[in-house]
Amino acid sequence: MSVDIRLASSRPAGADLYHGDNPGNIVTPGDIITADTGFMRGHGTYMEDDCLHASVAGTVERVNKLISVKPLKTRYNGEIGDVVIGRIRELAQKRWKVETHSRMDSVLMLSSVNLPGGELRRRSEEDEKMMRHYLKEGDLISAEVQNVMSDGCLSLHTRSLKYGKLGQGCLVCVSPSLVLRRKTHFHNLPIGASIILGNNGYIWISPTAQDKSEESGGYETNLQPVPKSDREVIARLRNCVLALADCKMLLFDTCILYAYEASLKYAVKDLLKPEVAVEVVDLVRQRLELEGS
Amino acid sequence: MRETPLSNCEREFILKNISQQRRLDGRNAYDYRDLRIAFGVSLGCCHVELGKTRVLAQVSCEVGEPKQTRPHDGVLYVNVELSPMACPSFEQGRQSEEGIELSRLMERCLKESRCLDMESLCIVSGEKAWHVRVDIHVLNHEGNILDCASIAAISALAHFRRPDVSVNGEEITIHTLEERNPVPLSLHHMPLLVSFTFFSQGKYMLVDPSSKEEKVMEGKMVVGMNKHRELCTLQVTGQMLLLKDQVLRCSSIALTKVTKITELIHQALDNDKQARSKGEKHGFAVLVSGDKVTANRLPKIEVNVEKFEDSDEMDEGQSCSDDADAQNGIEELEMQTEAAPRESAVEILTKGVGVIGEGGASTWLDIPQENTKQQAAKKRRYKSVAMEEGIGS
Numbered sequence: 001m002s003v004d005i006r007l008a009s010s011r012p013a014g015a016d017l018y019h020g021d022n023p024g025n026i027v028t029p030g031d032i033i034t035a036d037t038g039f040m041r042g043h044g045t046y047m048e049d050d051c052l053h054a055s056v057a058g059t060v061e062r063v064n065k066l067i068s069v070k071p072l073k074t075r076y077n078g079e080i081g082d083v084v085i086g087r088i089r090e091l092a093q094k095r096w097k098v099e100t101h102s103r104m105d106s107v108l109m110l111s112s113v114n115l116p117g118g119e120l121r122r123r124s125e126e127d128e129k130m131m132r133h134y135l136k137e138g139d140l141i142s143a144e145v146q147n148v149m150s151d152g153c154l155s156l157h158t159r160s161l162k163y164g165k166l167g168q169g170c171l172v173c174v175s176p177s178l179v180l181r182r183k184t185h186f187h188n189l190p191i192g193a194s195i196i197l198g199n200n201g202y203i204w205i206s207p208t209a210q211d212k213s214e215e216s217g218g219y220e221t222n223l224q225p226v227p228k229s230d231r232e233v234i235a236r237l238r239n240c241v242l243a244l245a246d247c248k249m250l251l252f253d254t255c256i257l258y259a260y261e262a263s264l265k266y267a268v269k270d271l272l273k274p275e276v277a278v279e280v281v282d283l284v285r286q287r288l289e290l291e292g293s
Numbered sequence: 001m002r003e004t005p006l007s008n009c010e011r012e013f014i015l016k017n018i019s020q021q022r023r024l025d026g027r028n029a030y031d032y033r034d035l036r037i038a039f040g041v042s043l044g045c046c047h048v049e050l051g052k053t054r055v056l057a058q059v060s061c062e063v064g065e066p067k068q069t070r071p072h073d074g075v076l077y078v079n080v081e082l083s084p085m086a087c088p089s090f091e092q093g094r095q096s097e098e099g100i101e102l103s104r105l106m107e108r109c110l111k112e113s114r115c116l117d118m119e120s121l122c123i124v125s126g127e128k129a130w131h132v133r134v135d136i137h138v139l140n141h142e143g144n145i146l147d148c149a150s151i152a153a154i155s156a157l158a159h160f161r162r163p164d165v166s167v168n169g170e171e172i173t174i175h176t177l178e179e180r181n182p183v184p185l186s187l188h189h190m191p192l193l194v195s196f197t198f199f200s201q202g203k204y205m206l207v208d209p210s211s212k213e214e215k216v217m218e219g220k221m222v223v224g225m226n227k228h229r230e231l232c233t234l235q236v237t238g239q240m241l242l243l244k245d246q247v248l249r250c251s252s253i254a255l256t257k258v259t260k261i262t263e264l265i266h267q268a269l270d271n272d273k274q275a276r277s278k279g280e281k282h283g284f285a286v287l288v289s290g291d292k293v294t295a296n297r298l299p300k301i302e303v304n305v306e307k308f309e310d311s312d313e314m315d316e317g318q319s320c321s322d323d324a325d326a327q328n329g330i331e332e333l334e335m336q337t338e339a340a341p342r343e344s345a346v347e348i349l350t351k352g353v354g355v356i357g358e359g360g361a362s363t364w365l366d367i368p369q370e371n372t373k374q375q376a377a378k379k380r381r382y383k384s385v386a387m388e389e390g391i392g393s
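For the protein sequence lines, the chains are A and B, in the order given.
Heads up: the first sequence begins at 1 in my numbering, then just goes up one per residue.
Heads up: the second sequence begins at 1 in my numbering, then just goes up one per residue.
I should point out that these hints are in silico values taken from the structure, not numbers from a laboratory.
Certain hints may be false.
To be verified - The calculated lysine to any residue pairs, modelled on SDA-like cross-linking and capped at a C-alpha distance of 20 angstroms, are:
#1 B/215 - A/282
#2 A/269 - A/289
#3 A/136 - B/10
Claimed, not checked - A few chain A positions that, by computed beta-carbon distances, are all more than 12 angstroms from chain B:
#4 30
#5 49
#6 101
#7 102
#8 137
#9 170
#10 171
#11 248
#12 272
Quick reminder that beta carbons are idealized off the backbone N, C-alpha and C, glycines included.
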């Protein structure tokens, strides 16, 4: 077994990593956005000495008369229709409190889940007492945002069969700004793994479910042992996702697949080394540029 | 903002390792993390680091009225401040349950143990007495705030000097710091709190839990003791039952820890007193020296390389020599310089042995042929024996 030691100064600097277009309007906290008083101030700004300042680090966005700063690193702000992955934190009356890396815990109402035995059943006292049998503290679920309440708290639902409790797999946490809103967030990759890209930055990698005929409402988790080849694929995917996130690349299924293919010539654990990660991401970037142009 | 909860895998991993007598940072079950005590320039200011947990305690005093029920005693206030600076889950202003528990335990430790002589704080019986206030600010929370806070509070109380008071019949003069030297508080003894955390229904016990271990613990016991074997505080929280001999065993462990820590406190106080009397630089600024290349470096971490197989990789050689240096007490190689000799292949025969020559024929004296052959054979035999020992150990 070998121990790797490397110089801190030889780490690739942040400036070398960014290859995209210059957005031009990045501000840092305290920067003056405008001295014009005709604008309304939105999120991420504050007024001082008749000047509009930015209070977070991000890009300036202007909609007619409203100026706001969209932060680069932030907690997840939910929109209706987003797919999120969360962890059950606690049980409350007729609801579960779910942790989704947002400012407040999200809420999963008992009436928003699929109970076994059909959809149109009324929720009774018995169901409330059996809540812990369906989902208990520490469980991971995939859900969709149904509603955003006035204080910013999200209300989730798992009313479709593709949502529900997550079984065996690997969770990767990245910044929410790296996951774009797309048509679908559930991808079955051809390499034998499925990936769920949650909008809140939580990414779930699991082996592809073999039979699609499971219609149990998403609460039965498949606890059969996962074969070693699948585990290796999942581990490699996880390292690829982390490498892409470190280099601040936007995550979607194509780039994750490209990263997987580019990483095949390294061992799985070598992908954790910074220089290998940078190389893999460079290859992905080049390939994406080729295909894009 | 609430903290991200620990995932099920992490929880099971930590518990499984504890059941096999292993901790995440490699400590033994009864080991404390590195303890560092520093005093500030102002009297009564003490900063304690226990691993990454940092607590600052400040003692101040003012003259006020004594309590109605105790006209001959001074008054001691103890306050623990948990701010979002320590941990994002602490809220500013509002006292959480954890904050209330900490405040209460610190109060009990300092007040009910009667470590501070309250009668000496009285100026005029029934009218004027000293109000001593200990403010404890938690700067960083990485587990076990309580022990850190108790060390900081006691050190600050021992470091503090109050203004001198002289009584002339009916006249009372409180001298300023310029007129007369301030007087130390009279501390009878130093009560310190030691935290024990329990796992698996009391089967496994750890001292000085880190923040991750605190999240998976089932129960906690806090023992307050001083080095004279006097028990000052005892509190058990959590969902578990303890046996009598467990409690006794914990108190004897607490005694050894408290004796060691009290020695450390006295040493730090002596160092500070000497630095002040000699007129040298003292205070927190001394700890942070910005003009050295090694500023902002991490503390030395010892890497256990005994179980690694002997291979031709020079990386192994690097880590071996690192270990050897640590053993010989030489200044450790900076992380920066270790990357330079990556290209050279260093073959270490046994751990901790610095081989000077590389074998081969001697170039100093004219030695007849047979002897050099014998020497070479001996050297080869030594090498092979050493290799075997290296692999076998």
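Each hint tested on the structure:
Among the hinted pairs, residue 215 of chain B with residue 282 of chain A is inconsistent with the structure: their alpha-carbon atoms are about 40 angstroms apart, more than 20 angstroms. Distance hint between residue 269 of chain A and residue 289 of chain A is unfulfilled; the C-alpha atoms sit about 27 angstroms from each other, more than 20 angstroms. Between residue 136 of chain A and residue 10 of chain B, the direct Cα distance comes to roughly 17 angstroms. Compliance with the 20 angstroms bound is thereby established for this hinted pair. No beta-carbon of chain B is positioned within 12 angstroms of the beta-carbon of residue 30 of chain A; the least distance is around 20 angstroms.
For residue 49 of chain A, the condition that its CB be more than 12 angstroms from all CB atoms of chain B holds, with the nearest at approximately 27 angstroms. The beta carbon of residue 101 of chain A is not kept farther than 12 angstroms from every beta carbon of chain B, the shortest such distance being approximately 7 angstroms. Not every CB of chain B is more than 12 angstroms from the CB of residue 102 of chain A (nearest about 10 angstroms), against its label as outside the interface. The claim that residue 137 of chain A is not at the interface with chain B is violated, since a C-beta of that chain comes within 12 angstroms of its own (minimum 8 angstroms).
A beta-carbon of chain B comes within 12 angstroms of the beta-carbon of residue 170 of chain A; the shortest separation is about 9 angstroms. Distance check on residue 171 of chain A: its Cβ comes as close as 7 angstroms (rounded) to a Cβ of chain B, failing to clear the 12 angstroms threshold; non-interface status is violated. Distance check on residue 248 of chain A: its Cβ is at least 21 angstroms (rounded) from any Cβ of chain B, clearing the 12 angstroms threshold; non-interface status holds. No Cβ of chain B comes within 12 angstroms of the Cβ of residue 272 of chain A; the nearest lies about 16 angstroms off, and the non-interface call holds.
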